[in-house]
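J.: Please build the complete structure, drawing on both the sequences and the hints.
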Amino acid sequence: MPPLKHLSLTLLLACAGAAQGETLRCGSQLVSVGDRTFEVEQKCGEPVFRDPVGYTLGPYQRRELKIEEWVYGPSNGMLTILTFEGNRLTRIERRRSR
1 MPPLKHLSLT LLLACAGAAQ GETLRCGSQL VSVGDRTFEV EQKCGEPVFR
51 DPVGYTLGPY QRRELKIEEW VYGPSNGMLT ILTFEGNRLT RIERRRSR
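Count the sequence shown with UniProt numbering and you get residues 1 to 98, in order.
Some clues are possibly wrong.
Claimed, not checked - Here are the simulated EDC-like pairs of lysine to aspartate or glutamate, each with C-alpha atoms no more than 20 Å apart in a straight line:
hint, residue 1, residue 2
1, Lys66, Glu85
2, Lys43, Glu85
3, Lys66, Glu41
4, Lys66, Glu39
5, Lys66, Asp51
6, Lys43, Glu93
Said to hold, decoys possible - Restraint-style ranges between C-beta atoms, simulated for each label pair:
hint, residue 1, residue 2, range
7, Pro52, Cys26, 19 to 29 Å
8, Gly58, Ser28, 25 to 35 Å
9, Arg62, Ser97, 33 to 43 Å
10, Leu30, Gly58, 25 to 35 Å
11, Glu39, Ser75, 11 to 21 Å
12, Glu41, Pro74, 17 to 27 Å
13, Ser97, Arg63, 28 to 38 Å
14, Val33, Ser75, 13 to 23 Å
15, Thr90, Arg62, 11 to 21 Å
16, Arg50, Arg98, 14 to 24 Å
17, Gly54, Met78, 23 to 33 Å
18, Ile67, Gln42, 14 to 24 Å
19, Leu30, Arg50, 18 to 28 Å
20, Glu64, Gly27, 32 to 42 Å
Quick caveat, the hints were computed from the structure, so don't treat them as lab data.
The beta carbon of each residue, even a glycine, is placed where N, CA and C say it ideally should be.
T.: Structural data, given as structure tokens:
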């Protein structure tokens, strides 16, 4: 394979992996970073566990944003941990269940 095509394929696969981490499938629905808590709950249902983590300052604002983690699973041996800041989904993380 020519070097340029090899580099393009590598970059494409790297981007696909990054995009996969930004979404979560709940049945036939997709949840994405930026979704609101009520949207996630409508699509995925009630989480197994909710953990209030703390507060952070909002960007360019003088107000605190609540940080909360929601846990779903285990599903196929994996837990899904969703992090919300100020009622917006900011992170989707998957971990092996112990």
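J.: Checked against the structure, which of the hints given earlier come out wrong?
T.: Hint check: nothing fails, all pass.
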